[in-house]
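> What follows is each chain in one-letter form.
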Amino acid sequence: MAVLKVTFTKTKRDKLAQVLWILNWVSVVTGMILLSLGLFLKVEIQQRRELMSDREVHSVPNMLIAVGLIACGINFLGGKICYDCVDTAKFLRWKLLMLPYIICTFFFTFLLLVGALMCYCMRNELEESLFVGLRDAMRYYKDTDTPGRCFLKRTVDMLQIQFQCCGNDGFQDWFYVQWIGNRYLDMSSAEVTDRLRSNVEGKYLMDSVPFSCCNPSSPRPCIQQQVTNNPAHFNYDYQEEELNLWMRGCRQALLEYYTHIMQSIGLTVLIIWLFELSVLTGVRYLQTAMENVLRQGDPDSESDGWLLENSFAETARYNFNIIKNLGKCYQVDDDPNIDVPSTAQHDPQTGEHL
Amino acid sequence: MALLKIKFTFQSRVRLAQGLWLLSWLAVIAATLTFSMGVFLKAELHKRSEVMDNTEIHAVPNTLIVVGLASLGINFFAGRICQDALDTTRFPRWKSFLQPYFILSLFFTLLMLVAVIMSYAMKGNLEESLKIGLKNGIRFYKDTDIPGRCFQKETIDRLQMDFRCCGNNNYKDWFEVQWISNRFLDFTSKEVKDRIKSNVDGRYLIDGVPFSCCNPESPRPCIQHQLTNNSAHYNYEYQTEELNLFNRGCREALVSYYMGIMNSIGAGVLSVFILQMSVLVSVRYLQTATEALVGQENTEIETEGYLLEKEVKETIKEKMDTILKFLPINQVDAAAGQGSAEVGEKPATPAS
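In order, the protein sequences belong to chains A and B. Counting in our numbering, the first sequence runs from 7 upward without gaps. Counting in our numbering, the second sequence runs from 1182 upward without gaps.
What the hints contain is simulated information worked out from the structure, not anything from laboratory work. Glycine is no exception: its CB is placed at the ideal position from the N, C-alpha and C atoms. Hints are supplied without guarantee of correctness; some may be wrong.
Facing chain A, according to a computed beta carbon distance under 8 angstroms, are these residues of chain B, among others [stated by the list, open to error]:
{"hint": "1", "residue": "Asp1326"}
{"hint": "2", "residue": "Ile1327"}
{"hint": "3", "residue": "Gly1329"}
{"hint": "4", "residue": "Lys1334"}
{"hint": "5", "residue": "Glu1335"}
{"hint": "6", "residue": "Asp1367"}
{"hint": "7", "residue": "Phe1392"}
{"hint": "8", "residue": "Ser1393"}
{"hint": "9", "residue": "Pro1402"}
{"hint": "10", "residue": "Tyr1487"}
Can you make the complete structure from the sequences, with help from the hints?
Here it is as structure tokens:
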């Protein structure tokens, strides 16, 4: 029994072909949308590559770009095929190609689904990457004279200003990092030598943060130095002060930003997947209907279209047998046309067993 | 003698009508662009309206919006006129409409030119407005507890960070203003008392600037306090330090930003003006060439088109006479009435 059989008159077939032609061109446009979404995500990640450690974060935009390009190609071909399907003579050209085309498109839609799921699953990798990347960026903040790291200070400052965040998890991260370069420290001063000696690694640590952590919404001029030292400032209690510095950590801020982008992209890809699936179903119906018309001989007659000729179980068994028999190519079989020498010995003259 | 007379054959009339139709649609697009440019400029000016003292500069975007809308109407009608111009039965219904149409169109097109001139000429006005606005902004920076002024601090901080500028003319403007509020100053401290006593107005002045003046490009962590005191910081000389704070004043930054926008808009609107004038001239030629056909049987003859029926001076004189006739209409009647009454009385008196 055929799966989901539908009977098509000639006019219905023609209309189906026309509609599929239009839908295929719409799919080309959605393929281009996918491509541009992939490019956008790639550019966004490239912009902040200094804050991410080298990990597999580029796989998602690359996948989206590849899928977008393939979608454009497949749907362009599909549009051409559907355009020719109105005329049975032209359909003969495409007859042999159609089944492989449908199978390829079916696997391609799987790829789309995988792409959409990857968008949602990228979060953990991104978090790891940002944690390591931001930690290193803060460590090298002071190295504005080291080639390769001299713009890290500007990058981190602009990041903290733009994303309204401070440090990795919070502003306290800056207390454990020396963010003032040694060439700006007066090594002869007692205060500096005290601080350097106060920790094992000889780093100049203080409870201060860079100016980019300051929140402009604060009613009070920014307190960046001696942040945890309440008596150092008049009328100040750092545990109650929420508007002075940015409270959010930059890792969380960037993660939220990228997750938001990827969730929107993932949703778009899912919608495009559903659309592609419906176009594929239409093309399958058109293919089977056209083939049946050709089998019947009369191009104007009614024909049936289906998804599968037999039920799922039978089709699966049939295909499984084909695959099994592919392996038997070079083995002996019971074909009477092949001359197989028998194992018993015969006397060629008398025909008797020896 | 007609002004700028041109002869039109039937073919050239048809081509003029077709060209005008295309031109009028281009002009509609241009008018929409003018309108949107006006809206954009108004939005940009409104964004930073807190640091501007007056809203006189808003005359430029307002004029652009009005002109854009008017141009849409003008060009829409121009398109309709040229569609009807080739049909002599439909054309006469436009007859009474065309005279006021031309006057209005000319007025709005000239207004476009005025907008262009204003966008270049109002630089001084903008600068003055910004000077006063920024001065007040810096003065009220500390008043985050006074209603009406509590967002000045945030406005100025974000302005300085976005436009990469510091102070009105430069960062030294902050030295002359108390930008730390009294409620954050410890009045029992000797340092605070000294500073307050050191000037006539009793203000707490320091050679420091807010954090928003800090330049992220500096290789060194930002120095905001004791800027002119070289010995307070290691390896620091404020005269040679260029990257520590933003060097530009905010007034200069804002003026150059807005003049940049207005100059580009001015250049665009000038080209729209030229397009609009050509549409009006074409409509006038088409109108005069087609009017000569009215009443004729053969619509394919050659006609003449002109801009004005008589010379400029004569036309102006004629119009002035018409206007003058309408103005003292009561006085003329009263004088005529009095004159006839006197004439009526005079023969009566000699008789009696």
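> A separate judgement is required for each hint: does it hold in the structure or not?
Against the structure, the hints:
1. Asp1326: Check passed: Cβ of Asp1326(B) comes within 7 angstroms of chain A, closer than 8 angstroms.
2. Ile1327: Constraint on Ile1327(B) not satisfied, violated at 11 angstroms.
3. Gly1329: violated (14 angstroms)
4. Lys1334: holds (7 angstroms)
5. Glu1335: Interface hint status for Glu1335(B): holds (5 angstroms vs cutoff 8 angstroms).
6. Asp1367: holds (4 angstroms)
7. Phe1392: holds (4 angstroms)
8. Ser1393: holds (6 angstroms)
9. Pro1402: At 5 angstroms from the nearest chain A Cβ, Pro1402(B) passes the 8 angstroms test, so the hint holds.
10. Tyr1487: Since chain A brings no Cβ nearer than about 53 angstroms to Tyr1487(B), farther than 8 angstroms, the hint is violated.
In this structure, the hints that do not hold are numbers 2, 3 and 10, in rising order.
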